[in-house]
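Asks: Listed below are the residues making up each chain.
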Amino acid sequence: MKKIKIVVIGNGMVGYKFCEKLLSKAKADQFELIVFGEEIRPAYDRVHLSAFFDGKTAEDLSMAGVEWYVNNGIKLHLGDPVQQIDRTKKTIHSYRGITESYDYIVLATGSAAFVPSIPGVEKDGVFVYRTIEDLEMIRDYAPKARKGAVIGGGLLGLEAAKAMLDLGITDTHVIEFAPRLMPRQIDEAGSKLLQGKLETLGLTILTNTNTLEIAGDKAITKMKFANDTSIDVDMLVISAGIKPRDEIAKLCGLEVGQRGGIVVNDQMQTTDPFIFAVGECALYKGMIYGLIAPGYEMAEVVAANLTGGKKEFLGFDMSTKLKLIGVDVASFGDPFVPANEARVIVYEDTNKGIYKRVNISKDGKELLGGILIGDAEQYNMLLQTCKNKIVLPANPEDLILGSRGGESEGGAGVTGLPDDAMICSCESVSKGDICSAVVDGAETVDKIKACTKAGTGCGGCMPMVKDLMVHTMKANGKLVRNVVCEHFAYSRQEIYDLTKMGKLQSYDEVLTAHGKGDGCEVCKPVVASILASLWNDMILKKGNDVVQDSNDRFLANIQKGGTYSVVPRVAGGEITPDKLIALGQVAKEFNLYTKITGGQRIDLFGAHVSDLPAIWKLLIDAGFESGHAYGKALRTVKSCVGSTWCRFGLHDSVSFAIEIEERYRGLRAPHKLKSGVSGCIRECAEAQSKDFGIIATEKGWNLYVCGNGGSKPQHAHLIATDIDSATLIKYLDRFLMFYIKTADPLTRTATWLNKMEGGIDYLKNVILNDSLGIAADLEKEMQSLVDAYKCEWKEVVDNPELQKRFNHFVNAPTEKDPTIQFVEMRDQKKVADWK
Amino acid sequence: MSELKSTKVNWFFACAVEDVPENGGVCVKHGDDQIALFNFTRRGEWYATQNMCPHRQQMAISRGMIGSVEDEPKVACPFHKKTFSLKDGSCLSGDDYQLKTYPVKVEDGKVYIDVK
Ligand SMILES: Cc1cc2nc3c(=O)[nH]c(=O)nc-3n(C[C@H](O)[C@H](O)[C@H](O)COP(=O)(O)OP(=O)(O)OC[C@H]3O[C@@H](n4cnc5c(N)ncnc54)[C@H](O)[C@@H]3O)c2cc1C
Ligand code: SF4
Ligand code: SF4
Ligand code: FES
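Chains as they are written, first to last, in the working numbering: chain S, 744 to 1578; chain R, 70 to 185.
Chain S extracted, bound-state conformation (with noise of 0.2 Å):
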């Protein structure tokens, strides 16, 4: 049988899609494919292209490898468009002269930005925001430029808003021609809500707003509006809109919509039958679809019925979420319908930046469509119920408030939806197919997403895939929930909740009140921190004490051999020559071996458990204080030199480091905290590297948050400028507070960041802007530890009850382990190695 020749034009998404469909589709040998694309790159992931900013590679964003069309009998010929399609002789020309026959072609040639015929367009220092060259040409621009300027107060101009923002153009404005921001997915009230979180954030916007001239000599500098004003700008995206490339359609006769895009019926056929368009250049009805998920479902009509198959395309909803500069927005269903329609529930908090609406059908049954601005958590719930005309519950007002008082949640969940619920449209991906790879064995979301490809295209499919993955798991009778052992049938920040509200003070309350069985060294530590972190009881409290973790139930570090070692406190690691002295002589009366730390301080090994009290009635009479080496608890607080003795030191970084290790001494936390401050650039503390870093710059101090050394190391990430210490301290109250209350167990900063939904951004958003309206307790409750600080090996040695619990032998408390062995080295002792 001869081949059926199918050549594609265009490389991008959908016609990636396409070809990947047919595969998937034909048998082998039955299709000869043949794909061109103008750009260089095979397809790439232009949904995400921002994340080119955020450090994803061109490679990273690629959606299948030149190797991928080689393995597959695809010839790919790229940097080649096609220029010429001649319909009587069936064959196409490209610009590198290659003329190819065809049996059917496959037009996937998207779009381009549509740029405003604005005099100056044409200056340098003038992008639009559509191709990775793009994006490189606006990264390698941006240096230069201080004063940002976005044409298009749409989805895609506020996303090359932010990526403005990212690239250190804080100045940006955002020129809308319209009187409000996205005006074609959200309402009047959305959009003034919006507009005011995105102004809290930097940005400024101006709407009602007609661009006229693009000003400058080659470069620009000025942009010149309809009502006589005008601002300086040395760097302006255009983002007005799209515009269907459908220009080698129009050249071969083939019919065109007015305002382009190529016209198309329901199996997506052209005007000639054996010329189909598919993806953002195919008009349908009237309507070009500049949305990922109806593109591939194109892509499947053509490939089904080019396979034998039967298949309509029906139009498509356009329903979107998005995370714009780490506002959530979404829209769904039809968002606008008119109050004398329906039914419209609108819930606002102008304070928190939260905006939703819900427009129900009169008879109150069901869901229209609807916004949600700010939280939008309930997205994919409420767009299923409205695309599966899922039956409302009594008060529609708890799908966007959650319900209140009750024990269910708004609407049945997921396990409400029929089967065929598409849960994944980019995909197609139905409810069902989620459900049964999971009981195939797909138990996390990452296996989902290989196997059944949900999640792979836009991403905003994915909360909720997790929630059925959760509960087809567990209706299978399998363990899902994140919770911390047997003995609680909770996550950590759920014990931390219950422990605070009920104000249990001891593991047995805990334990009796919320969870079974006897514990278990996994939980009670988990406890132990969580009680410390709560009330900063002294950890030792009857009861308590054999629920920490070993180390902290002896105040010091066991080491191989049983032996401990004691690491006083030096703060930012400044230490007096007296004191230098004391902890010489208390080494040596205790035969103790000595090493200067990473983190500027001094430890003193092979302490026997029994000599602890004695070692530090010592060092707490010559000033010193514990170092909480042993605990899951603030370690140190690095610090270079700074201003008082470096020569290039911005500010005194010494002082700041002791400031803040004083202010967090003792903090209970769910794993180590580590932290440093610089004097400036030059960060000789490596505060980068830390759970929390500051470097001083010439107006005040920067701050990071949640690097990392360790054996991940990872970069902490910018989050205020230029702040003052005053609202330094006030941020990290809240970061570590926020922190302590919902990290699991044993995550540092850096693993919690990385599990976090929405990232960097949404922390920021939370510590800066209070998102979760939660700053102000969290300030309280830190204040509170820091007041209730007290030093606990200074409470042992006061104490001649808890020194009781430092003897080796219970019945010979005067008699050390005899078996523990040293061996000499270097001049210092050292312990006989394991067996």
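In case anyone wonders, no lab produced these hints; they're calculated from the structure.
A virtual CB, placed ideally from N, CA and C, is assigned to each residue, including glycine.
It is possible that part of the hints are untrue.
[Claimed, not checked] Estimated spans, in silico, between C-beta atoms of each pair:
# : chain 1 : residue 1 : chain 2 : residue 2 : range
1 : S       : G1366     : R       : D164      : 42 to 48 Å
2 : R       : D101      : S       : A1575     : 17 to 23 Å
3 : S       : Q1328     : R       : S162      : 39 to 45 Å
Using the hints, position chain R with the ligands against chain S.
Replies: Below, chain R with the ligands alone, put in the same frame as chain S:
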């Protein structure tokens, strides 16, 4: 006190009840041996095992945290968190280790270990 002299058992006086922390352990010296003694208040039970962890020969079991898995009482060595049944001393973390266990009894506020 007559039963203490029975041939089968050899009750050794370890310490007073209040010397052992509730839900915690202490180390008892018996000649050259070290015995870990646990006061499992939550279950109203006492247990004793050898103090040396068989994993890296560390004298540490008495400083371990006790708890349960399903209904089996256990102790976790503080060094590498290997866990052992308090009832029969078997290793619950899947290794081939065994702790020696000892019977314990409490009389008049005093704790005795059968050291045979
Ligand atoms: C920054 C950005 C963010 C976006 N965010 C979202 C989002 O969150 N959700 C969403 O659903 N959608 C989003 N979109 C839209 C989405 O990317 C598009 O809907 C999708 O890429 C359209 O795919 P396509 O294959 O039809 O077109 P394209 O991806 O534009 O691909 C068409 C390709 O054809 C090439 N071509 C054109 N003419 C020829 C020719 N004559 N010969 C050969 N090749 C040719 C082009 O160079 C291009 O590479 C976003 C778009 C951008 C730019
Ligand atoms: S970070 Fe700057 S101020 Fe601190 S020691 Fe280094 S050069 Fe000096
Ligand atoms: S790096 Fe490893 S060996 Fe060195 S102190 Fe840390 S845990 Fe011990
Ligand atoms: S020494 Fe006990 S677990 Fe390793």
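Asks: Indicate, hint by hint, whether the structure satisfies it.
Replies: Results of checking the hints against the structure:
{"no.": "1", "hint": "S:G1366 - R:D164: 42 to 48 Å", "result": "holds (46 Å)"}
{"no.": "2", "hint": "R:D101 - S:A1575: 17 to 23 Å", "result": "holds (18 Å)"}
{"no.": "3", "hint": "S:Q1328 - R:S162: 39 to 45 Å", "result": "holds (43 Å)"}
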